[in-house]
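2 protein chains.
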Amino acid sequence: MASLTYRLFHHPLDPFSRRVRLALAEKALTCTFVVEKPWSPSTELITLNASCEVPVLTVAEGKDRVALVGAQPISEYLDETNAAPSLLGKDPYLRAEVRRLVDWFDRKFYSEVSVLLSGEKIWKRLKGEGEPDSSAIRAGCQNIHGHLNYIAWLTERRNWLAGDEISFADLAAGAQLSVIDYLGDVPWNSHVLAKEWYARLKSRPSFRTLLGDHLAGFMPPRHYADLDF
Amino acid sequence: MASLTYRLFHHPLDPFSRRVRLALAEKALTCTFVVEKPWSPSTELITLNASCEVPVLTVAEGKDRVALVGAQPISEYLDETNAAPSLLGKDPYLRAEVRRLVDWFDRKFYSEVSVLLSGEKIWKRLKGEGEPDSSAIRAGCQNIHGHLNYIAWLTERRNWLAGDEISFADLAAGAQLSVIDYLGDVPWNSHVLAKEWYARLKSRPSFRTLLGDHLAGFMPPRHYADLDF
Numbered sequence: 001m002a003s004l005t006y007r008l009f010h011h012p013l014d015p016f017s018r019r020v021r022l023a024l025a026e027k028a029l030t031c032t033f034v035v036e037k038p039w040s041p042s043t044e045l046i047t048l049n050a051s052c053e054v055p056v057l058t059v060a061e062g063k064d065r066v067a068l069v070g071a072q073p074i075s076e077y078l079d080e081t082n083a084a085p086s087l088l089g090k091d092p093y094l095r096a097e098v099r100r101l102v103d104w105f106d107r108k109f110y111s112e113v114s115v116l117l118s119g120e121k122i123w124k125r126l127k128g129e130g131e132p133d134s135s136a137i138r139a140g141c142q143n144i145h146g147h148l149n150y151i152a153w154l155t156e157r158r159n160w161l162a163g164d165e166i167s168f169a170d171l172a173a174g175a176q177l178s179v180i181d182y183l184g185d186v187p188w189n190s191h192v193l194a195k196e197w198y199a200r201l202k203s204r205p206s207f208r209t210l211l212g213d214h215l216a217g218f219m220p221p222r223h224y225a226d227l228d229f
Numbered sequence: 001m002a003s004l005t006y007r008l009f010h011h012p013l014d015p016f017s018r019r020v021r022l023a024l025a026e027k028a029l030t031c032t033f034v035v036e037k038p039w040s041p042s043t044e045l046i047t048l049n050a051s052c053e054v055p056v057l058t059v060a061e062g063k064d065r066v067a068l069v070g071a072q073p074i075s076e077y078l079d080e081t082n083a084a085p086s087l088l089g090k091d092p093y094l095r096a097e098v099r100r101l102v103d104w105f106d107r108k109f110y111s112e113v114s115v116l117l118s119g120e121k122i123w124k125r126l127k128g129e130g131e132p133d134s135s136a137i138r139a140g141c142q143n144i145h146g147h148l149n150y151i152a153w154l155t156e157r158r159n160w161l162a163g164d165e166i167s168f169a170d171l172a173a174g175a176q177l178s179v180i181d182y183l184g185d186v187p188w189n190s191h192v193l194a195k196e197w198y199a200r201l202k203s204r205p206s207f208r209t210l211l212g213d214h215l216a217g218f219m220p221p222r223h224y225a226d227l228d229f
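Chains as they are written, first to last, in the numbering used here: chain A, 1 to 229; chain B, 1 to 229.
For the record, the hints were derived by calculation from the structure and aren't laboratory data.
Nothing false has been slipped in among the hints.
Mimicking DSSO-like on lysine-lysine, the simulated pairs with C-alpha atoms at most 27 Å apart in a straight line are:
# : chain 1 : residue 1 : chain 2 : residue 2
1 : A       : 37        : B       : 108
2 : A       : 108       : B       : 108
3 : B       : 127       : A       : 108
4 : A       : 63        : B       : 90
Note that the structure is predicted; figures quoted are calculated from it, not measured.
Whole structure, please, built from the sequences with the hints as guidance.
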């Protein structure tokens with residue numbers, strides 16, 4: 001598989017794109033990154049994915065190129081086609097647990113927290129859809145506590161979220177939280193155990209790529225890139 | 001794996017539960033079915049899945065029992081642990097395409113059609129949350145056309161939605177559509193190619209279990225169980 005060339009079409013503050021960037025870095029894969037604005041897609045993105053959503057990973061071998069769409073299909077592909085370490089887990093039951101938690105953060109955390117906080121504060125502004133809805137922001141700030149408590153509950157019982165080893169579950173949770181942290185909206189000081197888990201994740205080399213992101217007009221708080229936050 | 005005992009906690013009109021029931025039947029696996037009302041969960045469901053969502057599949061071997069949560073984790077598990085036919089596909093690129101389409105129907109079709117039609121007409125009534133919102137129903141009836149056109153586009157190019165063989169993509173699409181069809185809200189006559197694909201799916205033995213569902217207070221239209229609709 002050494003002759004494969006990867007290109008990732010992504011947005012720096014899209015949590016699903018971030019999840020794939022973390023997976024690529026954990027797998028130590030070389031990749032070219034193409035920033036897309038999904039609400040104003042390039043002709044190439046439209047060709048690759050008619051729904052214009054990111055992330056899209058193209059895999060080229062010589063003249064052949066295949067486009068893979070979506071964080072979970074791309075993640076599963078990267079795990080299937082690249083050697084250890086597996087980010088899915090060793091046995092079918094562990095893999096089911098990893099996938100359950102990935103779905104938890106991709107779907108529940110995303111709809112209960114990300115859509116309400118980064119959706120209102122970042123995406124509405126980028127898309128020119130008006131002012132943030134303060135009641136949505138309040139609900140997002142409320143909902144995040146349950147998810148941080150759940151992370152604490154898991155890490156009291158396991159080394160990483162799904163088991164002994166780091167997995168796509170940690171990357172999915174970390175990717176969603178990293179965008180909220182870019183906004184300075186994660187109440188870390190009320191959630192010591194979740195903070196400890198996030199500090200371990202943040203100190204991994206794979207996380208460096210996310211910590212260097214700066215989007216014009218949206219400055220992250222000082223602690224965002226600080227490993228000792 | 002012959003000594004494994006499966007129990008599925010599900011709701012008859014939940015599309016994600018239906019997707020797992022189809023997968024179990026395609027794999028010819030014997031399973032006990034336990035009907036749950038996720039909005040009023042049994043003590044057992046709460047123990048198995050704190051979020052009280054269905055489907056949950058328990059797998060028991062002797063005294064050991066493991067609970068697997070969610071349609072996609074369960075589907076992947078069933079494919080990993082059971083021999084042919086694979087419902088994921090033979091190579092990593094095909095599997096990425098299957099998973100992309102599964103996500104399309106689980107997430108896009110679900111939010112753009114299922115939530116607006118079955119959410120308003122079935123779940124609101126079951127949960128006692130008041131009258132259906134007619135503007136939501138109009139939007140769902142509008143949105144379904146795009147999805148049926150997409151199914152037609154795919155089946156003009158492929159035998160089944162993702163490729164030559166039936167896959168989880170067909171089961172995911174069929175499961176969502178079967179609930180809308182139970183309401184009589186699929187405009188089949190305007191979508192001949194999608195109807196042909198659905199007729200092939202509906203005539204498979206695995207589909208019989210869904211066609212026999214009758215929920216008190218919600219009678220399906222006469223064509224629902226008719227293979228020649």
